[in-house]
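K.L.:
Given only the sequences and the hints, what does the whole structure look like? Please build it.
There are 6 protein chains.
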Amino acid sequence: MATVKLLTDDELSADAAAVFADIRATRGSDFVNNFWRSLANDPPTLRATWERLKAVMGSSDEGGLDPLTKELVYIAVSIANGCTYCVHSHTAAARAKGLTDAQYGEFLQVVGMASQTNALVTGLQTPVDDVFKPE
Amino acid sequence: MATVKLLTDDELSADAAAVFADIRATRGSDFVNNFWRSLANDPPTLRATWERLKAVMGSSDEGGLDPLTKELVYIAVSIANGCTYCVHSHTAAARAKGLTDAQYGEFLQVVGMASQTNALVTGLQTPVDDVFKPE
Amino acid sequence: MATVKLLTDDELSADAAAVFADIRATRGSDFVNNFWRSLANDPPTLRATWERLKAVMGSSDEGGLDPLTKELVYIAVSIANGCTYCVHSHTAAARAKGLTDAQYGEFLQVVGMASQTNALVTGLQTPVDDVFKPE
Amino acid sequence: MATVKLLTDDELSADAAAVFADIRATRGSDFVNNFWRSLANDPPTLRATWERLKAVMGSSDEGGLDPLTKELVYIAVSIANGCTYCVHSHTAAARAKGLTDAQYGEFLQVVGMASQTNALVTGLQTPVDDVFKPE
Amino acid sequence: MATVKLLTDDELSADAAAVFADIRATRGSDFVNNFWRSLANDPPTLRATWERLKAVMGSSDEGGLDPLTKELVYIAVSIANGCTYCVHSHTAAARAKGLTDAQYGEFLQVVGMASQTNALVTGLQTPVDDVFKPE
Amino acid sequence: MATVKLLTDDELSADAAAVFADIRATRGSDFVNNFWRSLANDPPTLRATWERLKAVMGSSDEGGLDPLTKELVYIAVSIANGCTYCVHSHTAAARAKGLTDAQYGEFLQVVGMASQTNALVTGLQTPVDDVFKPE
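As they're listed, the protein sequences go chains A, B, C, D, E and F. The opening residue of the first sequence carries number 1 in the UniProt record's numbering; numbering runs sequentially from there. The opening residue of the second sequence carries number 1 in the UniProt record's numbering; numbering runs sequentially from there. The opening residue of the third sequence carries number 1 in the UniProt record's numbering; numbering runs sequentially from there. The opening residue of the fourth sequence carries number 1 in the UniProt record's numbering; numbering runs sequentially from there. The opening residue of the fifth sequence carries number 1 in the UniProt record's numbering; numbering runs sequentially from there. The opening residue of the sixth sequence carries number 1 in the UniProt record's numbering; numbering runs sequentially from there.
Hints were generated in silico from the structure; no laboratory data involved. C-beta atoms are modelled at their ideal positions from N, C-alpha and C, and glycine is treated no differently. Accuracy of the hints is not assured; some may be wrong.
What the hints assert, rightly or not - For lysine to aspartate or glutamate, the following EDC-like pairs were computed, each having C-alpha atoms within a straight-line distance of at most 16 Å: (1) C:Lys5 <-> D:Asp129; (2) C:Lys5 <-> E:Asp101; (3) B:Lys5 <-> A:Asp129.
Said to hold, decoys possible - One side only, chain C facing chain B, incomplete, derived with CB under 8 Å: (4) Thr84; (5) Val87; (6) Val111; (7) Gly112; (8) Ala119; (9) Leu120; (10) Gly123.
To be verified - Ranges between beta-carbon positions, derived for each pair: (11) F:Pro44 <-> C:Asp30: 25 to 33 Å; (12) C:Arg24 <-> F:Thr8: 44 to 52 Å; (13) D:Ala18 <-> B:Lys97: 30 to 38 Å; (14) F:Asp130 <-> B:Asp66: 38 to 46 Å; (15) F:Pro44 <-> B:Ala55: 47 to 55 Å.
P.N.:
Quick look at the structure:
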């Protein structure tokens with residue numbers, strides 16, 4: 001249950017409808033997920049968020065990160081922030097981009113390991129080694 | 001300033017010294033960073049953490065994640081958890097494993113994007129679409 | 001599903017009933033929401049939490065913050081902490097205190113922006129400028 | 001100590017220099033704080049972040065939030081996310097925009113109250129009341 | 001709804017089945033909860049997590065923490081991390097280990113108090129007193 | 001470096017001075033740590049926070065939690081929230097109340113374990129078992 005109405009296509013403002021059209025064209029799919037339908041209540045935020053997401057998560061320049069790695073980073077942040085929606089939507093996206101069960105298993109191991117050592121270091125208040133600091 | 005003493009090599013218990021020897025052999029370096037020196041106050045935790053870290057972050061089986069991707073996932077979690085030590089040590093590790101400036105720039109963009117959309121979704125309490133749920 | 005029973009009016013201890021009476025008198029409404037019904041299992045916590053909430057969120061002294069601004073600060077914290085109940089209850093409270101759709105849209109933009117820059121700064125470990133520190 | 005070099009004006013790329021010029025013109029001040037100097041290592045992120053921040057935190061449309069309220073929301077998120085840099089820089093910004101000691105005291109009380117009730121509700125797993133859900 | 005299938009006993013790999021057998025023997029109960037059924041999709045993570053959990057949460061050496069105190073620490077972390085599943089499962093575990101209503105009430109008070117002062121200190125950026133630092 | 005001045009005894013308002021006197025009397029020590037010196041800038045928050053802390057962390061009623069367990073819960077929350085000041089001050093407090101090295105080692109193991117399983121469960125979005133829910 002969202003704090004706002006999830007807008008149907010018929011309820012969109014002209015500006016929101018234009019963003020939805022770009023989402024559909026970019027993804028090559030008629031499906032528009034609930035995140036955008038909730039954001040559509042505030043068209044400027046809808047547009048800014050979509051434009052930025054498209055730029056950040058899309059194909060990288062030469063030498064950048066591949067799309068699956070980007071999804072894994074995205075899910076990792078979403079787990080640490082406890083965002084149920086984001087974990088579900090981006091795990092689905094990662095699978096659509098080729099994530100295998102073996103990779104997913106390793107990914108969760110790394111997320112668990114990092115969470116554990118984050119807590120140990122914070123509990124111990126271990127100071128940063130000089131060698132880890134850029135000169 | 002840690003909550004415990006950072007143990008020098010001379011102050012290690014026999015069990016902790018054995019772990020330090022394995023850290024050095026595994027990494028091919030004499031340097032042992034402060035995280036292990038703080039954990040060394042509790043040898044069972046030192047050993048369990050090192051054994052698990054070595055297994056999780058080391059070379060993957062066929063078809064698993066590459067070491068650099070694992071580091072990026074690790075840093076992503078550490079940023080979201082606000083762990084200064086972990087951000088520094090694993091950013092240094094990622095660079096040692098070949099992270100380029102271009103990749104690092106894209107990585108931070110994804111972390112920023114995920115953090116932003118996590119907050120928007122949590123603010124809006126958007127419900128998960130049925131299509132994102134495994135059957 | 002709470003970890004405790006949500007107490008009905010008939011199940012309240014005398015002390016909890018007195019707090020419920022004050023909640024109703026203060027709010028001018030017979031409705032008492034689930035937060036208080038779960039807290040009512042521990043009357044001292046119920047009383048201490050209600051007394052403090054009433055003092056903090058009520059009308060300010062001359063020159064303080066207006067009630068709507070207080071609600072927005074409350075929701076912002078609740079989003080960052082991932083508290084579903086709190087986001088829903090205080091978004092409803094903010095609307096009851098006059099929050100408009102335009103204000104809500106801007107509020108979410110700020111929350112998203114802060115979340116993004118928080119992550120970027122933590123990833124970059126940017127040191128605090130001297131000018132931001134009180135003399 | 002950042003994970004990247006804090007770039008001086010002499011070290012900026014042409015694109016980063018253009019963003020710095022807009023920061024200075026918009027703020028009417030020659031000072032550019034460390035956040036931008038660390039972001040300047042990745043000019044596309046620098047530009048995207050600055051453009052969005054300028055749009056979000058600047059003057060609102062008719063009926064929007066006032067600049068001081070925006071800063072308080074920003075600080076609230078930054079506190080909950082544990083971002084030292086952000087707390088310092090935006091507390092300084094809020095003061096520059098007129099935050100009084102009395103308002104700051106009330107602000108911290110609300111942040112503390114929300115943090116406490118967030119934890120209580122999460123501990124109790126209190127279900128959301130139907131009345132808080134939009135129809 | 002998990003991101004993976006919750007495996008029934010019939011669907012377990014041989015390695016996962018061996019872990020389930022140890023869970024049942026250790027706990028003296030046929031019931032295996034969903035956490036293990038979701039982890040069972042990746043048998044190495046299932047085994048490593050169970051082995052570590054058994055070691056950490058089991059009976060302590062002479063002079064260690066009692067099992068109920070361990071559960072309270074576990075719940076406290078889970079509340080702060082916003083983990084619904086963990087709050088429910090470990091609150092149930094704590095009750096099975098003897099947690100009384102009076103103790104639970106005090107526990108929640110401490111969690112609420114800590115959350116509040118964490119936020120106040122982070123908002124104020126109070127520096128650590130020298131006396132709190134180990135020599 | 002705090003966002004406010006750390007007030008010396010000479011700079012306290014009459015109300016803040018009265019709270020400091022109670023802190024000293026309650027603790028049987030002349031030392032007043034920086035948390036209270038930063039809060040002293042807002043006497044109502046200082047008083048409310050101290051009164052509540054004294055009630056929550058002090059001696060329990062018959063059948064409540066012992067003071068050391070309360071400190072461990074407090075530190076656990078503070079670690080998960082990433083509060084450096086709170087970790088340091090309450091680890092020192094726990095030691096003053098008798099925390100041994102062996103107990104501290106076990107405590108950190110539990111905190112690390114909980115952090116890891118919190119992340120795994122959130123990544124897997126494991127649904128809560130019916131048996132963990134109160135009737």
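K.L.:
All hints are to be evaluated individually against the structure, with a verdict given for each.
P.N.:
Evaluation of the provided hints:
1. Of the supplied pair hints, the one linking Lys5 (chain C) and Asp129 (chain D) holds, its CA atoms being roughly 14 Å apart against a limit of 16 Å.
2. For a cut-off of 16 Å, the pair hint linking Lys5 (chain C) to Asp101 (chain E) stands: about 12 Å separates their Cα positions.
3. Among the hinted pairs, Lys5 (chain B) with Asp129 (chain A) is consistent with the structure: their alpha-carbon atoms are about 14 Å apart, no more than 16 Å.
4. Annotation: interface hint on Thr84 (chain C) holds; nearest CB of chain B at approximately 6 Å, less than 8 Å.
5. Checking Val87 (chain C) against chain B: minimum C-beta separation of about 6 Å stays under 8 Å; hint holds.
6. The closest approach between the C-beta of Val111 (chain C) and any C-beta of chain B is roughly 5 Å, which is under the 8 Å cut-off, so the hint is satisfied.
7. A least Cβ separation of about 4 Å between Gly112 (chain C) and chain B falls short of the 8 Å threshold, and the interface hint therefore holds.
8. Checking Ala119 (chain C) against chain B: minimum C-beta separation of about 4 Å stays under 8 Å; hint holds.
9. A cut of 8 Å between beta carbons decides the hint on Leu120 (chain C): the least distance to chain B is about 5 Å, and the hint holds.
10. A distance limit of 8 Å between C-beta atoms decides the matter here; for Gly123 (chain C) the minimum to chain B is near 5 Å, and the interface restraint holds.
11. Look at Pro44 (chain F) against Asp30 (chain C): about 31 Å separates their beta carbons, and that is inside 25 to 33 Å.
12. The supplied range of 44 to 52 Å is met by Arg24 (chain C) and Thr8 (chain F), whose beta-carbon atoms lie about 46 Å from each other.
13. Distance hint for Ala18 (chain D) and Lys97 (chain B): a CB-CB separation of about 33 Å, consistent with the stated range 30 to 38 Å.
14. Checking the proposed 38 to 46 Å range against Asp130 (chain F) and Asp66 (chain B) shows it holds: the Cβ atoms sit about 41 Å from each other.
15. Our hint of 47 to 55 Å for Pro44 (chain F) and Ala55 (chain B) holds, since their Cβ atoms are close to 53 Å apart.
In this structure, every one of the numbered hints holds.
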